[in-house]
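Could you build all of it, start to finish, from the sequences and the hints given here?
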Amino acid sequence: MNTNKQADTMEQANQTTPLASEQPAAPPQAFEAPEMYGLPLLLAANAIDYIPFVKLKVASDALLFKLRERNDIEDHPITLPIPFEYISSPKDAKFDQDIPKLDAELKSVSPFLSFWDYHEAYTQFKTTPTEVAHKMLTALKKSRSMNWMRFSVQDIVQQAEASTERYKQQHPLSQLDGVFVSIKEEMDIQGLETKVGTNFINSGQPAVEDATLVGKLRQAGAIIVGSTVMNELGWDTFSVNPNTGMPKNPYGTLHSCGGSSGGCGGCVAGGLFPVSIGADGGGSVRIPSTFCGLYGLKTTYARVSAKGGATVDPSLGSYGPLAATADDMALTYAIIAGPDTKDPTTLLQPPVSLKDYDQIFDLSDLTIAVYPEWARGMVDSAILEKLDFFQNYLQQLGARIVEIEIPDLDLTATAHTITICSEMLNFASRHELNHRNFLPHTRLMAGTASALEGRDYVRAQQVRGRMMNHLRRIFEDQKIDLILCPSTAITAPEIPEKAHSYGMSNAKMTVRSMTFAMLANLTGIPAVSVPAGFNEGMPIGLQFMSRWWNEALLCRIAKTCERVPGIERRRPEGANWFGDDLLPN
1 MNTNKQADTM EQANQTTPLA SEQPAAPPQA FEAPEMYGLP LLLAANAIDY IPFVKLKVAS
61 DALLFKLRER NDIEDHPITL PIPFEYISSP KDAKFDQDIP KLDAELKSVS PFLSFWDYHE
121 AYTQFKTTPT EVAHKMLTAL KKSRSMNWMR FSVQDIVQQA EASTERYKQQ HPLSQLDGVF
181 VSIKEEMDIQ GLETKVGTNF INSGQPAVED ATLVGKLRQA GAIIVGSTVM NELGWDTFSV
241 NPNTGMPKNP YGTLHSCGGS SGGCGGCVAG GLFPVSIGAD GGGSVRIPST FCGLYGLKTT
301 YARVSAKGGA TVDPSLGSYG PLAATADDMA LTYAIIAGPD TKDPTTLLQP PVSLKDYDQI
361 FDLSDLTIAV YPEWARGMVD SAILEKLDFF QNYLQQLGAR IVEIEIPDLD LTATAHTITI
421 CSEMLNFASR HELNHRNFLP HTRLMAGTAS ALEGRDYVRA QQVRGRMMNH LRRIFEDQKI
481 DLILCPSTAI TAPEIPEKAH SYGMSNAKMT VRSMTFAMLA NLTGIPAVSV PAGFNEGMPI
541 GLQFMSRWWN EALLCRIAKT CERVPGIERR RPEGANWFGD DLLPN
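Residue numbers (my numbering): 1 to 585.
All the given hints hold, so there is nothing to weed out.
Straight-line alpha carbon distances no greater than 27 Å define the calculated DSSO-like cross-link-like pairs of lysine-lysine that follow:
id: 1; residue 1: K55; residue 2: K498
id: 2; residue 1: K107; residue 2: K216
id: 3; residue 1: K101; residue 2: K355
id: 4; residue 1: K216; residue 2: K307
id: 5; residue 1: K55; residue 2: K66
id: 6; residue 1: K57; residue 2: K508
id: 7; residue 1: K168; residue 2: K216
id: 8; residue 1: K216; residue 2: K135
id: 9; residue 1: K126; residue 2: K107
id: 10; residue 1: K355; residue 2: K479
id: 11; residue 1: K498; residue 2: K142
id: 12; residue 1: K135; residue 2: K168
id: 13; residue 1: K216; residue 2: K101
id: 14; residue 1: K342; residue 2: K307
id: 15; residue 1: K94; residue 2: K355
id: 16; residue 1: K107; residue 2: K168
id: 17; residue 1: K216; residue 2: K342
id: 18; residue 1: K508; residue 2: K498
id: 19; residue 1: K57; residue 2: K498
id: 20; residue 1: K94; residue 2: K307
id: 21; residue 1: K216; residue 2: K355
id: 22; residue 1: K126; residue 2: K168
id: 23; residue 1: K55; residue 2: K508
id: 24; residue 1: K101; residue 2: K126
id: 25; residue 1: K66; residue 2: K508
id: 26; residue 1: K142; residue 2: K126
id: 27; residue 1: K342; residue 2: K91
id: 28; residue 1: K307; residue 2: K91
id: 29; residue 1: K355; residue 2: K107
id: 30; residue 1: K101; residue 2: K168
id: 31; residue 1: K216; residue 2: K94
id: 32; residue 1: K141; residue 2: K126
id: 33; residue 1: K342; residue 2: K94
id: 34; residue 1: K216; residue 2: K91
id: 35; residue 1: K135; residue 2: K107
id: 36; residue 1: K355; residue 2: K91
Everything labelled a hint here was simulated from the structure, so no lab data went into it. Treat the numbers as computed from the prediction; the structure is a model and nothing was measured.
If you want it as structure tokens, here you go:
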């Protein structure tokens, strides 16, 4: 490419959209999407496979052709959701960064087991990782009916013995040494099949090496237990998967754990692990964190290496922890993030840090924005009450609270949906010979996505560029540090039994779960979901978003939110909690 032309193109991509073209967020446009379960869902999947006009009708009713009407969108299309100003030179990439050590004096206070509990028990020789590993094997057997784990590795005890020896020599690799961690089943774990929620992908072909982030966890001494259940291909937000069984929410076993990282949320909330690694292409870390009362970090695009992960949504997805406490989330993030030569996009990032992580009692340096009208009409009232409560507390700590508008949010939802459906269809099409082996919901979504055209995808990337520019103005020109909003518009819904055989399609409920998640995925910015109490026994979550690469601030605000007074955090009750016998009292 001619260098002058390339420079002109980059300048055009970074130009702010003229203010005259900005539109306040429009209320969600009504769309037609019937709820379908069981046999009707299977029949619908067959119809979309064999009757051409059906896919056009379904796609039109779902508003997937909406951007075709917007001939005024002239923004430069962007597929790398990182502004040029935020890109670091690959030659400056910082490899082999030291793992931070968190301060015990300000450690997370939580009813859940944290890495602190394991680390202190090991350093004080109250137990050993080997002893806990044997108890873990028992807990995994007891928890099978909860459908959280799909596969477990065979060498849990051997991993634990190596950790035990390190503690015996008083040389643990990190504070996460000897802590048990699970991984969403779209990331390679050596020796396990990465089936991505299907019943056929990689059958008989276990991974020959770990994904990069799994390797980083091992290098920190974490014990990798196995892979967690997810939606098939990650193509929904409730983890209703007849191939594996639906992960049961430990706060109500008839309720969804969220998705697509549903098994991750369930096994952490149920006390098996302090942390699990999920993937987030449309809220798939933040939604299960919300539904299960956890902390969940969606990292900046390309902050964590995607090497060894399934490329289901390559321009949207990122990896991050779902954790019992802010400390577990922050420490795990710092371990898995950073550059990787096997994933060149990660070489564009600045150094990983937890800067100011313990500055949680004075927020006078922060300006936090809220957008009161953002989809307010679809949010459960109990969630809005918690939003106001947190806002007031953060203001008491000195934070400046301001109101903003985010233009074109209605376009964001459409652009994200077009992008993720196009990219997931591309992944699914690699397995065309097994198309009929996909679940009905996956086939329904693939058929709908096949009605899209190249112009739809390109225009969606134009919207991506526009929304990145909107956010740059908010973060830079308006000097906003954080944007606060709900994580989801609903709490974990109850899933009817008729969904368990063939799955379900409930697009309106999916939209309510994803409404506040899509902006961060489309634009690549990081976001965190924090627990915010309960409503009718089910957890509530709130979300903070920040500028690109500023996960340190999100970890800091998450730790601040742990201490919001009057916000209940409690373990699941009775047989749905599996953490009691893992460590000595």
